[in-house]
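Generate coordinates for the entire structure from the input sequences, incorporating the hints supplied.
Listed here are the chains, written in short residue letters.
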Amino acid sequence: MFKSLVSKLNPVQLSCGFHTTACMNEVRLLSRLRVVDNSEIGKRAMAEGKPPKVICVYNKKHVGYIGDRVLVAIKGQKKKGILVGMKQKQSVKVPKFDSNNVVLIDDNGTPLGNRIHVPIPTILRTILKEKTHSKGADYTKLLAIATRFV
Amino acid sequence: MVTGSLNLLRNSFNKLRIDHIFSRSFQTPRYRPPYWYEPKERVPSEEFITQENKQFIEEVMQDKLQQQASLHSPLVNIDSSKAAEWNPQTRRVGLIARKIGNYPLWTKDGKKVLTTLLQVVDNHVIRYIPPEEFSPMVTKKYVWKEKNKLGCLLVGSETIDPSTVTKEYCGLFNNAGMLPKRHLFRFMVSPESYIPPGTPLQATHFRVGDYIDVRAKTMDRGFQGVIKRWGFKGMPASHGVTKTHRRPGNIGSGGEKARVWPGTKMPGHMGNRWRILRGVKILRINTKHNVIWTLGVAIPGETGAMCYLFDTILPLKKHTTSPAFPTQPFVEDLPLEYYDESVQPFEEQSITFEEN
Amino acid sequence: MRRQILCLSTKITHNSCTKALPLTRFLSTQEAIDRRYHLFTLEKKRQLDKVGRVEKIEVQYKGVPNDCTLVMNKGISTPYDCARHLSEWHMDTSALALLDGTVYWDMHRPLTENCTLELQNFRVPEPQQVNRAFWRTCSFMLGACATVAFKDTVPVKLHSFPGPDIRSGSFIYDVQLPTLDDWKPSQQELITLGAEYVKLVRQNEPLERLEVSEELALEMFVENEHKTKQIPSIARNHGKVTLYKVGKHVDISKGPMISTTKQIGRVAVVSVHNLNGSNSEVEHLYRFQGVALPTGVIINHFAFSILTDRAKKLNTVRSPVPKTLEHEDSESIAMKA
Amino acid sequence: MNQADVSKLVSKLRINVLPKHRNLNNPKGPEGRIDKLRKTVTGLIKFERIELNYNRADEARQYAERLISEAIRHGDCHKPTMDTANFWLLEKELIHKLFKVLVPRYEATNLSYTRLISAPQQQYGRHTDKAVLELRGNPFPDLMNYKTNNKLLIQNVLLDAAKQDYKQSKINEIANNIGKKGNSSLDKSSKNIEVPEKPTES
Amino acid sequence: MALAIRRSTSEVFGAAKWFIRRDCRALSTLPEKAVEVPVEKKRDRPVVSRIRANARNPNLALRHVYPEFLPDPNPKWRNSLREKLERTDMLNRRKQIDIPEFYVGSILAVTVADPHAQGKTNRFVGICIERKGAGLRAEFTLRNVVDHQGVEVRYDLYDPTVHSIQVLRLEKRLDDKLLYLRDALPEYSTFPFDMDPEILPDGTPVPVNPVQVKLKPRPWLERWERQELQGVSNIEEHLKEKDRVRRELRKEPWEKYDLMKQYRKTIPIEDQNDIWAEVNHQLKQLQLTRKKVSRKRTFGVPKTQLG
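These protein sequences, in sequence, are chains A, B, C, D and E. Taken in order, the first sequence gives residues 1 to 150; the numbers are from UniProt numbering. Taken in order, the second sequence gives residues 1 to 356; the numbers are from UniProt numbering. Taken in order, the third sequence gives residues 1 to 337; the numbers are from UniProt numbering. Taken in order, the fourth sequence gives residues 1 to 202; the numbers are from UniProt numbering. Taken in order, the fifth sequence gives residues 1 to 307; the numbers are from UniProt numbering.
Simulated from the structure, these hints should not be mistaken for lab results. Be a bit skeptical, because a hint or two may be false.
Stated by the list, open to error - Here are the computed lysine-lysine pairs in the BS3-like style, where the Cα-Cα straight-line distance is at most 30 angstroms:
hint : chain 1 : residue 1 : chain 2 : residue 2
1    : D       : Lys-20    : E       : Lys-132
2    : D       : Lys-28    : B       : Lys-243
3    : C       : Lys-262   : B       : Lys-54
4    : D       : Lys-151   : C       : Lys-313
Next comes the structure, spelled out in structure tokens:
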């Protein structure tokens, strides 16, 4: 057993094998998120250890970025949410968080909860304002329930 | 006796009448180097010269260099009223520059932009060939006839040790009274933007905010497969795929098309080709070191590669007002740096944003 | 033939004011060269025939690849023949022979007695004598070049050349061009002269040496009044005059000279100066100047241009005042320098 | 762009260093490469002149140069340097030679410590580029036969004469210039004298 | 032997070489050179090795404080003029704001102009976990835990939107990079935003904080056990036998002796001396002016507090 392990881990084989770069931590299909507002469904899902799973990212690239709308499967339901903090590498002056954070919203852009208990990036303010159109959903309500910006 | 026979012959020739003249069609050679071209490389050989004599040769060379440096630009003497006016159709001379690296600048709204630094090293006009005399090599069957023919302006950059190149090559520079240069390039210019040989060209030939075209050789990447060369996707790593993970796959169909179509993307040599990047914006100019900062990092070639700068031909980015014409004469007290208005100079205070 | 006679007759009519000169003075340059060459070959043949029965001498060769002893013919074999026994490299590169460690001997001069032999090329540790022989040969060749280069209508009279002084920067030949008054060669003419020189060099002729009696020498140079004036003073010591021949050109020189013309490499005829200002006795005297390097020596064109620039200046080694002892004197002076 | 490593200080090598190392094909990977080079460096320090493949010679040369420069910089009382020397020199008596023979030999020199000369190639058949790697100041006869300092060669005689002539002409020119300047200043002064006269005329 | 090292001229040097070689004859496998050079009188002036003299330059200590002034060592990207222009730009920026001396492990407060924020400025406090990049690309990363959420922000050192960089606590840690704080317990990277700056008295060396953090149980972001970290205490607790075996297999003990690898990563002393000679004077000037200004401020501050 041990011998076979050693022979498998021979550095010669490894050196020409697979790459070992750090993972990208991207938000894409089926990645798990952390709900950071105090909506009932979100709180229960996190408490049960069944965090929501992304089933659609509403942009062309299918890779989520700060302020992107996602569809998540949470406790057997489909809910929409907005990404408010990312784990992947960010550009200069944009904060990078230790987890991928999401705030659940309904179709009109109104958050399901009434408080966000983690800091959210200031750049979100501009992004959400840009995404809000007069006739569509109003996402800026989310900013109103934020407690802290970094 | 002899003269008599000669006379006979002459008379008989006189009676001949010439009706038709045939001439054999003459084909110009396919490859003909430009006539200012001279072989440059010299085979170095052991010369058995003592150290003192080498120093002496070096000293003579330095003296010549000094002599060259003390040459005044002939452009100063030109009367500005006599010189032709610039109009959007005229073509000015360009510059030979060396790419010396990239570094970031910040714009006034706090954005970081990467720039490429181009150093204009020791550029001098070597020779002018007016349009009537200029007959370039014919490489294509059908030659585009230009309405207003252009003259050819030969520009050299970077003085080198004359003993490293051939005598013929050095002879090209004798007219301008220069030591030989490492790089020679021909710029097609309209006749009114003629510059007398011996004129130094500075980075201030262009202005900040102008757009330029940059011609350079791309990085040499050697023989590459289709994934790197053409961005093919390759084939899956698993699922029964054997020995064909990075291969191009099918390259054509059968029937009448059962051959490789011209232009099919295949593996081959990648890079080391001349490419032109058009419409590059100039953000900053240093007049002391003759350095130009251009927006973006897409200028072909690695650090230290040579590139040629022209006024852009993109219709929307062309000059609208007259640039320095025919070139910027040498002036003593220019400001050290020119910045585009979008760029934040490092000497200024930190950026603050106003509440709307 | 008819044309030559015509030419001669026109010359006679042209020079009719100087009646006193005999007819032989009016040989054309080419005819004079042919005549001299003919006399030289006759004399050489006569001297070779005089050797008679072949005697053997032992020549001890020193140098690369190894020392050896060669048995040669007395009075017939030359150092060049010894080199032919060794290798092609020896034939091509050796310019002078050093006999017994003291006597510098021409490569094409027959050996007369037992001796040791060292072959000298241009890279030997002490190349002074080889360099001097080279410089002397260059001057000699410049004379040959000057006689060939002009048209038939321009008579050329060689005057003399001083001993080799390398430090002066150029080799010289003084030539009288009686019909040209204040001639200044253009750049193109200088290049043509240089091309003629190179043509001569390319012929790869050996430089042959011959010692002749004073009378014969006078007979050979009968049409050249400068040489006829100089010959008695040269012959005063030994009664003999040393002549050198390359191709068809024969001239007086003390020697020694290098082996063949091929050993002259890069060469440039740089300038021609008019010496009339300094000398009143010889009219229309021109000083031809050039600079050259041996075949094996390659220096870059920039360094060579420094040398040519310097050689353009008038070389004032010795103004050609017809002193009697010129050859010996000037050489000794040059040696001291 | 990466930051330079500041934890260590190294002195500059006097040879050309390629931007990237050569892998020197080896089944044992980087460890095998270093092992190979250790043998070569040991051989170089021991025999002072060795002949081998060019690529390997060039790599080994860099390591040898670094080893000697470290030894010169730190001397033999520096523990890490001693460790390095111990690692690179497989025969332990050579460590003594490195610090006691080579360090004094190269301490005041301005040149590189080694020389790499490409060896003549095999005429027929497949060949790899060979090279001779040697320490400078070795006791063997010189490989390159430079005779550049013979002043008596004809080109040197000519150039030397030209040099003297050039210097003489320069001195003359300067002397002339001084004379001219004196004259011109005189002229100027005379002009200055003339200038005030004009208003009086007007 | 020691005497021989102290000679200067080349002839004496040759003699010394012979002298030494004679002594080491047993060690050397070389044929002895036959020439005997008479040993001249010793001179008092010692041989000053150029290499050693260069290494003694006091300016070299600046490389720890201002590592971004050294260019990238990759020779493909180096160009003396570009580096020079870059340095002048950096100095110009340093004249505008005070970029203090700080290290990985120091706690910083950075105020930037932020067009997205409410008051158009944004302040962040955190521990510096990484410093990288050369020249104007130099950047550093701050990490903090806010509301039980780990946050990291990357800043460009020479960004003109940066209004101030304040060092709250100047110290070093045991490692060059503190990326393992991402996997450590949150209390090790929690710092209050209203922290008071701790001022070190002048002339004291920068203290090294010997704290060893505790890692959370696996999974981790990286294989910390292979990196020979000093600042982690409980790494062995979380390892299985197979990890230890892999760690042993992946060890590269020869790396330490790969002299050329080190050389390719660093800027040689001779090059550094040129750079520091160029920059040093201006940096000193800047420091002096800053000191004057700060002294004025310290006199001014108590009044406002009293008021």
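Hint check results:
1. Lys-20/D with Lys-132/E: holds (22 angstroms)
2. Lys-28/D with Lys-243/B: Holds. Lys-28/D to Lys-243/B sits at ~26 angstroms (cutoff 30 angstroms).
3. Lys-262/C with Lys-54/B: Within the cut-off at roughly 28 angstroms; holds.
4. Lys-151/D with Lys-313/C: Roughly 24 angstroms between the alpha carbons, so the hint for Lys-151/D and Lys-313/C holds.
In summary, the structure agrees with every hint in the numbered list given earlier.
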